[in-house]
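Q: For reference, the chains in residue letters:
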Amino acid sequence: MFKHTSRRAALHLLAAIGVGVGALAVTLAHPVVAAAAKLPSADDPRFIPALLDAIDDVHRGDSSHALMQMKVQTKHWTRSMAMESWSRGEEYSLVRILEPKKERGTATLKVEDDLFTYLSKTGRTIKITGAMMGGSWMGSHFTNDDLVKSTRLADEFEAKAADGPAIDGEATYKLTLVPKPDAPVVWGKIEVEVRKSDLMPARETFYDEDGAAVRLLEFSDFRVVNGRTFPARMKMTPLDRPGEYTEIRYAKIEFDVGLEREFFTLQRLQSL
Amino acid sequence: MKGPRLATLAWRNIWRNRRRTAITLFSIAFGVLLAVLFTGIGDSTYGQMIDHAAGLGGGHVVAQHPDYDETPSVKKSLKRADALRERALADPDVTRVVPRVSGAAMLSTSANSTGAVLLGIDPQAEDKDTLGILEALDAGELFATADDKGIILGATLAENLDVELGKKVVYTVTDKSGEMTSGLARLRGIVRTGSPTVDGAIAILPMNRLRELLGYDAGELTQLAIFVDDNRDAAAVRDRLAAGETDGAAILTWDEAQPDLAGFIKMKTVSTMILEVIITVLIAAGIFNTLFVSVMERLREFGIMAAIGFSSAQLFGLVLWESFWIALCGLLAGVLVTAYPYYYLNQTGLDFTAMMGGQGESLDVAGVAMDPVLYVSIYGSHAAVIAAAIFIATMAAGLYPAWRAGRVAPVETIRIV
Amino acid sequence: MDTFKLAWRNVWRNPRRSGVTIAATSLALFVMIFYSGLVSGYLSGMERNVIDVEVGDAQIFAEGYRKRPSLYTKIDDPDALLGRLDGAGFKGSARLLGSGLAAAGDNSAGILLRGLDPERDAAVSKVNTQITAGAWLDPAAPSEVVIGKRLAKTLGVGVGDELVVLSQAADGSTANDLYRVRGVLGPVSDPVDRATVFMNEDAFRELMVFPEGAHQVLVRKPAALPLPEAAAELSALAPGLEAKSWKQIMPVVASMLETGRSAMMVMFGVVYVAIGIIVLNAMLMAVFERIREFGILKALGVGPGGVLRLIFIETLVQTVIAILIGVAISVPVNYYMATVGLDLASLSGMSILGMSMDSVWRSEITTQTYTQPIVALTVIILLAVIYPALRAAFVKPLDAIHHQ
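Protein chains in written order, with the numbering used here: chain H, 138 to 409; chain A, 368 to 784; chain R, 3 to 406.
Take these hints with a grain of salt, some might be off.
Result set (DSS-like, lysine-lysine): computed pairs, CA atoms no more than 25 Å apart in a straight line [claimed, not checked]:
1. H:Lys212 to R:Lys249
2. R:Lys249 to A:Lys442
3. H:Lys389 to H:Lys239
4. R:Lys151 to A:Lys543
5. R:Lys69 to A:Lys443
6. H:Lys326 to A:Lys635
7. H:Lys212 to R:Lys69
8. R:Lys128 to R:Lys7
9. R:Lys76 to R:Lys246
10. A:Lys446 to A:Lys534
11. H:Lys372 to H:Lys333
12. H:Lys297 to A:Lys534
13. A:Lys516 to H:Lys317
14. H:Lys264 to A:Lys516
15. H:Lys212 to H:Lys238
16. A:Lys635 to R:Lys249
17. H:Lys372 to H:Lys389
18. H:Lys264 to R:Lys155
19. H:Lys297 to H:Lys238
20. R:Lys128 to R:Lys249
21. R:Lys155 to R:Lys128
22. H:Lys239 to H:Lys258
Derived list of chain H stretches under chain A, where covered just means 3 residues or more per stretch with a C-beta under 8 Å from a C-beta of chain A [stated by the list, open to error]:
23. 269 to 281
24. 322 to 335
25. 345 to 353
In case anyone wonders, no lab produced these hints; they're calculated from the structure. Just so you know, these numbers come straight off a predicted model, no measurement behind them. Where is the CB? At the ideal position from N, CA and C, for every residue including glycine.
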């Protein structure tokens with residue numbers, strides 16, 4: 138559909154870890170201290186499942202409200218958008234464009250597995266279905282599909298853990314995730330580097346079946362707000378397209394803002 | 368004079384002017400040859416196309432949810448079609464009954480994602496006769512079972528997804544309850560039909576895998592494809608099946624399900640028919656010409672026959688008997704002239720690719736591939752129609768000359784001399 | 003002149019016999035004219051559907067567009083290219099291509115966008131004549147679009163209804179706008195019917211933030227220039243771009259039409275042979291019947307040359323009359339077939355390789371429709387009469403008198 142940009146991005150994992158922008162704000166809902174406390178020692182057989190759960194549950198939290206900037210760089214253009222987002226857990230989110238002016242008010246609503254786009258210029262709402270799911274989300278390197286996928290890592294991957302390299306001075310575990318034989322995952326394997334200190338993912342690399350890295354997802358600028366740690370900067374690089382990337386930076390984020398499910402309605406999508 | 372004697376007289380009469388009779392017989396024979404070959408080409412190629420189309424489009428007769436055609440969706444399924452299937456298998460004209468599951472999907476690989484048309488098949492029930500695209504299998508192989516973990520893609524689709532044999536393809540569908548679900552398959556085969564619509568969109572999956580993903584029950588399906596031996600029986604089979612228990616399915620013939628192709632075939636058959644009518648008219652005109660001239664020439668003879676007691680009816684009958692013999696001998700000559708060319712074209716065929724200067728690429732019409740070798744094979748009923756048409760045309764051409772002969776009066780003829 | 007008078011009198015001496023011969027030849031001529039109109043109507047109908055409406059004689063793309071279509075793979079200066087085409091006697095129209103999504107009410111569908119300048123495009127494409135409801139694009143109504151018939155059905159819209167087009171603009175922004183359906187096309191081709199939205203060039207540029215360039219130039223060649231030469235010339239006129247003839251763009255359709263053409267020619271040959279037979283039949287009858295009369299002429303001292311001349315002139319007189327009658331019958335029939343035609347599949351339409359074909363079969367009538375059969379008939383008649391005429395010319399008077 139959007140054949141000029143349509144690229145399959147990080148599929149399940151992206152959304153599961155909370156990279157999908159809809160769920161992004163909630164990524165950090167998980168109290169760091171609690172996660173670290175629950176994790177068994179590295180040689181315990183329960184270590185890996187616990188680590189996977191920790192990553193999955195990173196966005197299992199309450200509501201959030203954020204302001205952010207998304208910068209998309211492609212071969213043909215560069216653009217920056219200012220956005221405002223609301224979310225509740227990983228199931229509900231609403232993202233709205235503030236800048237540029239031309240697109241102000243254009244918004245995406247995710248309610249469980251459904252995705253709607255409101256077009257401010259024409260005042261219409263479109264439900265994203267079928268082949269449109271493979272289309273680009275707001276011109277970024279993420280697809281609409283990335284926003285709605287949600288499964289648990291332990292269901293789809295066999296994981297191995299080892300010590301990873303230090304990233305930005307933080308020691309990491311390096312998780313190598315290999316899809317289970319029947320798991321509907323396009324990747325050959327995924328490497329996730331998780332910070333030992335707070336179990337926050339710092340870097341994810343996606344490989345195709347021939348072992349070539351095709352996607353790189355990086356988290357940085359970790360900050361603490363309301364007692365929660367979160368990466369204020371996230372960058373997605375499609376390695377098969379030199380020079381291209383999508384970067385998201387948080388200007389402001391609040392947690393536990395008390396949004397109920399009823400907040401995430403089509404009326405809200407259109408009236409923002 | 369009685370009938371048989373008239374017949375004998377007429378027989379002798381036609382051989383009195385051998386040259387004229389030979390010319391007439393030759394034009395009839397030529398007409399038979401043309402008509403048989405053209406009809407035979409039509410019967411065989413359109414029959415072939417219909418069979419191919421049946422293989423692509425769900426059989427000669429297809430049973431599906433009544434609303435499927437209007438809005439195709441996996442929700443428009445047949446919960447069970449056992450009764451219908453039993454009845455179809457019991458029908459004497461039906462050769463095969465094959466279940467199908469079809470729908471739309473998004474396919475993804477690590478390189479790309481794109482939309483596709485999904486077709487779920489039972490590999491043990493299908494072969495090239497029921498699923499024509501399998502003939503275009505360019506690389507790889509068919510699934511072993513309905514639970515196989517493979518997928519077969521159109522060549523262009525595989526290219527767009529940048530996927531090679533053995534590599535992963537994730538397919539995402541909206542299941543029966545409206546939820547999006549995904550499944551994993553490995554590329555097992557590539558089909559290259561030459562039709563952009565097919566090669567760019569088709570994805571074939573083993574039926575049970577697709578059923579599982581869509582949330583279908585074990586016997587649930589979207590189409591029941593029914594194949595008959597002779598495509599002309601399709602309408603009759605449809606009527607018989609629709610008359611009994613259908614498990615809630617609508618039953619359509621291939622031309623109802625594929626009106627585009629039906630339109631094309633109709634255009635071709637109409638053009639063959641026009642040509643045949645033209646040939647028949649021309650030949651009838653030629654026969655009329657000979658008979659008429661031969662009667663005019665023999666007016667004196669008829670006058671004398673009238674004078675020695677032949678009635679008008681007998682003279683009329685005599686000339687009609689002459690037409691009859693000419694028609695009969697003409698048909699016989701036609702059979703003799705047609706036999707070898709027909710046999711040759713029926714057995715060996717004519718390779719059209721050489722004539723077209725192509726590199727053996729297959730032709731396709733409305734997404735249906737055509738065999739580049741042209742065979743001739745005529746339906747028995749069509750052959751009978753041709754024989755009858757030529758016979759009737761000859762007899763009709765003889766009517767006016769016969770009437771003219773019957774009207775002859777002794778006085779009038781003597782005056783002509 | 004004497005021979006002519008004799009021939010003229012001979013023709014009318016036995017009006018019944020001449021009548022039969024003339025009737026047979028007129029019928030033959032009528033059939034030839036009728037059939038030739040049908041055949042050229044069939045052939046040009048097929049080509050018209052492909053070339054006039056959808057593909058053009060040739061197309062020019064930026065290098066690589068055809069293999070992997072992208073909004074950014076564009077012809078940078080289409081105006082200069084169009085200028086060069088005009089200068090070389092070609093006609094061209096630049097088109098802007100894109101893809102996206104159209105939505106109306108609860109329905110949505112993936113679409114192909116085609117932006118064009120209606121005025122310029124009308125010179126190269128007859129797609130504007132395929133409108134079945136509403137009207138074709140008008141530059142004065144920039145927010146009105148024309149859509150394919152199946153797309154209209156999928157979206158559940160008709161003339162006057164609104165639809166939203168959604169895509170990604172060249173600058174990465176969300177392209178979306180509201181358009182009113184100005185017209186719905188009849189069958190054109192699979193992609194057009196199923197997915198295409200036609201819009202004015204300016205509307206496309208605004209929607210897609212695509213200020214300059216074009217993706218495709220549709221080209222019509224001068225009628226006299228053969229296709230391969232035209233393609234070669236276009237390549238020279240469009241350096242660095244990809245110029246392809248329609249046969250290169252749609253090789254399978256081209257070979258399909260080629261086969262159709264040869265099949266039609268074979269049938270044409272068959273009809274001619276059938277006509278040859280009836281004419282031969284008529285001539286054999288006409289001459290052999292009168293062999294006794296020719297014998298008497300020879301007995302009276304007329305040489306073989308004189309008899310030959312007599313027969314040929316008689317034949318010519320009959321042929322001219324037959325031509326007049328044949329043409330007189332053909333004109334109204336052809337008129338009917340050219341204007342009304344045979345509708346073969348009014349309800350369903352038909353398609354070949356995704357190219358929709360007009361299901362009404364109309365004859366195509368030019369002067370050639372008449373002249374070729376007339377010439378052919380005259381030749382056939384002259385050939386057919388040679389054998390009996392020679393027999394008559396060299397018959398021995400005595401044999402002739404005994405001739406049955």
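Q: Now tell me, hint by hint, if it's right for this structure.
A: Cross-check of the supplied hints:
{"no.": "1", "hint": "H:Lys212 to R:Lys249", "in the structure": "violated (34 Å)"}
{"no.": "2", "hint": "R:Lys249 to A:Lys442", "in the structure": "violated (42 Å)"}
{"no.": "3", "hint": "H:Lys389 to H:Lys239", "in the structure": "holds (23 Å)"}
{"no.": "4", "hint": "R:Lys151 to A:Lys543", "in the structure": "violated (29 Å)"}
{"no.": "5", "hint": "R:Lys69 to A:Lys443", "in the structure": "violated (37 Å)"}
{"no.": "6", "hint": "H:Lys326 to A:Lys635", "in the structure": "violated (56 Å)"}
{"no.": "7", "hint": "H:Lys212 to R:Lys69", "in the structure": "holds (19 Å)"}
{"no.": "8", "hint": "R:Lys128 to R:Lys7", "in the structure": "violated (56 Å)"}
{"no.": "9", "hint": "R:Lys76 to R:Lys246", "in the structure": "holds (16 Å)"}
{"no.": "10", "hint": "A:Lys446 to A:Lys534", "in the structure": "violated (33 Å)"}
{"no.": "11", "hint": "H:Lys372 to H:Lys333", "in the structure": "holds (21 Å)"}
{"no.": "12", "hint": "H:Lys297 to A:Lys534", "in the structure": "holds (23 Å)"}
{"no.": "13", "hint": "A:Lys516 to H:Lys317", "in the structure": "holds (14 Å)"}
{"no.": "14", "hint": "H:Lys264 to A:Lys516", "in the structure": "violated (32 Å)"}
{"no.": "15", "hint": "H:Lys212 to H:Lys238", "in the structure": "holds (23 Å)"}
{"no.": "16", "hint": "A:Lys635 to R:Lys249", "in the structure": "holds (23 Å)"}
{"no.": "17", "hint": "H:Lys372 to H:Lys389", "in the structure": "holds (17 Å)"}
{"no.": "18", "hint": "H:Lys264 to R:Lys155", "in the structure": "holds (19 Å)"}
{"no.": "19", "hint": "H:Lys297 to H:Lys238", "in the structure": "violated (47 Å)"}
{"no.": "20", "hint": "R:Lys128 to R:Lys249", "in the structure": "holds (18 Å)"}
{"no.": "21", "hint": "R:Lys155 to R:Lys128", "in the structure": "holds (23 Å)"}
{"no.": "22", "hint": "H:Lys239 to H:Lys258", "in the structure": "holds (8 Å)"}
{"no.": "23", "hint": "269 to 281", "in the structure": "holds (count 3)"}
{"no.": "24", "hint": "322 to 335", "in the structure": "holds (count 4)"}
{"no.": "25", "hint": "345 to 353", "in the structure": "holds (count 3)"}
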